[in-house]
Structures are given as C-alpha cells and as structure tokens.
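Undergrad: Keeping the supplied structure of chain A fixed, place chain B upon it in accordance with the hints.
As a plain string of letters, each chain reads:
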Amino acid sequence: MPTSAALSQQLLVLTAEQLSVPPPQLVPDASLGDDLGLDSLAAIEWGMSIEDTFGISLPEDTMEHVKTYGDVEELVQRLAAKAQA
Amino acid sequence: MRLPAVPRRVVVTGLGVVSPAGIGLEAFWKGLQAPAPLRRERTVEDFDPSMWLSGKEARHLDRFTHLAIAAAQLALDDCGDRPAVDPGRAGVQLGTGIGGVGTLEAQVTVLAARGPGRVSPFTIPMVMPNAGAAAVSLRHGFRGPSETLTTACAAGTHSVAAGARMVADGRCDLVLAGGAESSMTPTTVAAFTVMTALSKTGLSRPFDTGRDGFCIAEGAAVLVLEERGAALERGVRIYGEILGAASTCDAHHMTAPSPDGSGAAACMRLALTDAELKSGDICAVNAHGTSTPLNDAAEAAAVAAVFGPGEVPVTSIKGVTGHGLGAAGALEAASVLLSFVHRMLPPTMGTTEVDPALNIDVVLEPRAFEPGPTISNSFGFGGHNGSLIIGPA
Chain A
1 MPTSAALSQQ LLVLTAEQLS VPPPQLVPDA SLGDDLGLDS LAAIEWGMSI
51 EDTFGISLPE DTMEHVKTYG DVEELVQRLA AKAQA
Chain B
86 MRLPAVPRRV VVTGLGVVSP AGIGLEAFWK GLQAPAPLRR ERTVEDFDPS
136 MWLSGKEARH LDRFTHLAIA AAQLALDDCG DRPAVDPGRA GVQLGTGIGG
186 VGTLEAQVTV LAARGPGRVS PFTIPMVMPN AGAAAVSLRH GFRGPSETLT
236 TACAAGTHSV AAGARMVADG RCDLVLAGGA ESSMTPTTVA AFTVMTALSK
286 TGLSRPFDTG RDGFCIAEGA AVLVLEERGA ALERGVRIYG EILGAASTCD
336 AHHMTAPSPD GSGAAACMRL ALTDAELKSG DICAVNAHGT STPLNDAAEA
386 AAVAAVFGPG EVPVTSIKGV TGHGLGAAGA LEAASVLLSF VHRMLPPTMG
436 TTEVDPALNI DVVLEPRAFE PGPTISNSFG FGGHNGSLII GPA
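Going down the list, the sequences are from chains A and B. Quick note, the first sequence lines up with residues 1 to 85 if you use the numbering used here. Quick note, the second sequence lines up with residues 86 to 478 if you use the numbering used here.
Here chain A stands alone, though its shape is the one from the complex (with noise of 0.2 Å):
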C-alpha cells in the first residue's frame, strides 16, 4: 500500500485526468461542484476509478458527505489505511 503521502500524489494525478483539471485547482478547499464541475455521472465514474487504484470500496452514500476535495481526499486516506490495517 502507498504511503500516505504517496497516496495523496497517486489521487491528486488520477483526478487531474479523470476530471480534466489541472492538479493546482485540486486544494482540499475546491469544490467538487462549483470548483471542480463534478456532475452526478462523472462522480461515479471516479468513484470507480479511485476504488479500483487504491483497492477499496467508497460507501454508496459518499456523495452525500463529501463537499470538497480535501474531504474525499481524507476519506480515501482513512478507508486505505483501515484496508492495510
């Protein structure tokens, strides 16, 4: 399993691609909507996305929870690290 550092490269540059931002928007302050243009359908598709990087499986309410970057970006770091542990 990546660091956590290495981790938070690792998503900042799936982002990057998988949203067509460049990586200087992605601070844990953007948000996925108004910031990021984040749709429902480009959502999941990056849910798919990060749940098949990092091995682990986003639950189905994520969307609900998260506003911003850095909220998706702890969620990942927390559901990664209890994957490893």
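FYI, nobody ran anything at the bench for these hints, they're computed from the structure. Note that the structure is a prediction, hence the values are computed from the model and not measured. All C-beta atoms in this analysis are idealised placements derived from N, C-alpha and C, irrespective of residue type, glycine included. Hints may be right or wrong, so weigh each one.
Now the in silico label distances, taken between C-beta atoms and shown as ranges [what the hints assert, rightly or not]:
{"#": "1", "chain 1": "B", "residue 1": "Ala341", "chain 2": "A", "residue 2": "Asp35", "range": "53 to 61 Å"}
{"#": "2", "chain 1": "A", "residue 1": "Leu41", "chain 2": "B", "residue 2": "Glu130", "range": "28 to 36 Å"}
{"#": "3", "chain 1": "B", "residue 1": "Glu111", "chain 2": "A", "residue 2": "Ser8", "range": "49 to 57 Å"}
Facing chain B, from chain A, some residues (calculated, C-beta under 8 Å) [what the hints assert, rightly or not]:
{"#": "4", "residue": "Ser20"}
{"#": "5", "residue": "Leu41"}
{"#": "6", "residue": "Ile44"}
{"#": "7", "residue": "Glu45"}
{"#": "8", "residue": "Met48"}
TA: Just chain B now, with coordinates in the frame of chain A:
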C-alpha cells in the same frame, strides 16, 4: 394542428462535412474525384477529436457524436456571420443509423470482464442515437426542437427533409440538419458480413457489373437551413434551396428492396409532387448507389421508371465515401450542393463497367453541369425510402 398559410422557402447557407473522402468542403470535393480506395472499412483517418472537443467531452461522448459536433461546427463556421436567431427557434435534426454502438460494444466487454459495477455511468448517454443531436444543441444553446430520426441508411436524407420542414412550417428560423455515423465495430462488421451486405473485395463500385456489396464507412454532414428571406437579408451565400422531399416504405422485406424499385419510384414521384416539379425538370440524380447487387438494380429500375431510361445523369459518391449509413444522405446532399458551386457532377468512382442490365446513364467521369433541380435518394434496411429535391439558389 396549426399550419402556415404559405410555407416558407428553405435555403442552405452552410455546409459541414467530415468524411473518409475528406474533412471540410475543399478536401471533400477533391476527394470525391480521387481514385476509390480499396478498403472495406472506411474511417475518417485524419479526424482529431481534440480539435473539436476537450478531453473530458471526448471521453464522455461516442465517436459518432464527435463527428456530429465537428460537422455542425464546420457548417456554422461556413454560414457567414452567425444569424441572430431566438435560441427557442433554433433546432437540430441529426439522424443516425445505429448511434453509439461502439460504446455499447466496449461496455459489454467491461461487463463480462469486471462485472456490472464497472460499466461506465456514461454508457446510456453515449449510446443513445439522439446523443449527437443533444450534444449539438447543448454546445450551441439551441432550445428549439432537437430530434433524431433513425431509418437506417435513409436517416440522413430524412433528417435533412425533417429539418427543412421545421423551417418551412415556421417552427424554426435556423436548423442544423444532417446525419452522423460511426458504427464499425467488430460485431456490426461481422453482422453485415454474414448477411453478405459487405464487399468482399473492398472496392465500392456502384452500378458496376462486378459490384459485390458496400464498403462500410463513418462520417457526418450537417447543413445550415434558414428561411430564404432571412438569408437574403443577411446577404450570405446561398448554396441552394430544399425544394421538396418524400418518405415511403417498401413494406416488402426487412432488408431487401422491392426488386422492381416500386417503393423507391413512389418516393421519387412524391418528392416531385412536393417540389411542384415534373420528372423532366430533374437535371441529375444523386443515387443511393451502395454497390450492392440488389440496391443498385432496384434503384436503377426506379430511376428509369420515373425519369425514363438513360434520361438523367446518375452519380453515386459511395465509390469514394463508402457507405456512411445514417450519415450517407446528408453527405450526398452536401455533394449535390457542391455540384452547384463547381458546376460539375462528381463521377461514380470505382465503377469501370456499368452493368448493362441497368438502363441508366451513370456518370463515370467528372461531367460539366448546369445547376438545376437534383434528386438525392437514400434507402434503408426496413424498406425506408427517402428522396430530397435540391435546387440551385
């Protein structure tokens, strides 16, 4: 239903073409006179989606929609200053034969390999046949009717006709009309092959003695249709006028045409009535001319019956373009309008020896042409017939 007291005249002010014969009008027209390639599957090889779409858009749209967006953009760029129309009166009629079947086929393999949870959430909006029309409306903010007719290989012609009616009946002031197709997948090619529709030799040669099936192709073409008075007021170039159209069904067989061409003949006669023209007024036929034994024989019989044996020059561009299925009729309408510009009928490339059983005058070399009313035919599996009569400005 409310109908206008006097139908409005409909003219073509812009053309956009993306075809194996060329992208853009200049390349396309030149391509129509180039030797027919020896290739059974004809892709638009130099099409680069990144010229028309962001990476994200391209990933979330099927290739047939990529081609549609490019053709629509080329057509709008070609129509002079963008006409100032109410977005609610701007429409799209974009036909396709099979829609986003390439995306569906790719997702079938995902389903088999990785299970239902990994099928792309974009599958349905990419596969649906109306995705092309929707994407064009979305991009240009057109809020009038946005529709997709799917009548197999007649869809392009039917869509231009339907788009013209939206202008003629006063519903729209501007319509982007045409067709788009990119459905050469391993499964569709295998399916067309086993039904013996595709050429074994890879040589498309409409009306030739040795014709042995069609060469499947992708492509898109879009026409900008406007009310004539508004176009004249704008002072823009008018390529021609949509004079009339018709649609019939053979009701004979799911894939084979009526051998005597009676369904096609009925369609052409109705189009003449719609255009208020007589058969003798027609100066040229842009044939469906697929290069299949059955289509070409039935179409030749129909043309001979309606216009008289050998009375009117007949050309098919499918020697070069291949058969773009739902895009074909729109590509051929563009070819008719370009034949007015260049005062020349493009030849039926690939054809060297016209089948003597066919009583028609097949254009084999570029032929000087005094622009006049021209009929363009399309026929689709299902027995769908479409004829469009286009006149010079």
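Undergrad: Between the beta carbons of alanine 341(B) and aspartate 35(A), is the distance compatible with 53 to 61 Å?
TA: 57 Å, holds
Undergrad: Let me know if the C-beta of isoleucine 44(A) comes in closer than 8 Å to any C-beta of chain B, holds or violated.
TA: 4 Å, holds
Undergrad: So does leucine 41(A) sit 28 to 36 Å from glutamate 130(B), Cβ to Cβ?
TA: Hint holds: Cβ distance 31 Å, inside 28 to 36 Å.
Undergrad: Is the shortest C-beta separation between glutamate 45(A) and chain B less than 8 Å?
TA: 6 Å, holds
Undergrad: Take the shortest C-beta to C-beta distance between leucine 41(A) and chain B; is it under 8 Å?
TA: 4 Å, holds
Undergrad: Just to be careful: measuring from the Cβ of serine 20(A) to every Cβ in chain B, is the smallest value less than 8 Å?
TA: Because about 4 Å separates serine 20(A) from the closest Cβ in chain B, which is inside the 8 Å limit, the hint holds.
Undergrad: Using Cβ atoms only, decide whether methionine 48(A) comes closer than 8 Å to chain B, and label the hint accordingly.
TA: 6 Å, holds
Undergrad: Quick check on a hinted range of 49 to 57 Å for glutamate 111(B) and serine 8(A), using CB atoms only.
TA: Hint holds: Cβ distance 51 Å, inside 49 to 57 Å.
When held up to the earlier numbered hints, the structure conflicts with none and fits them all.
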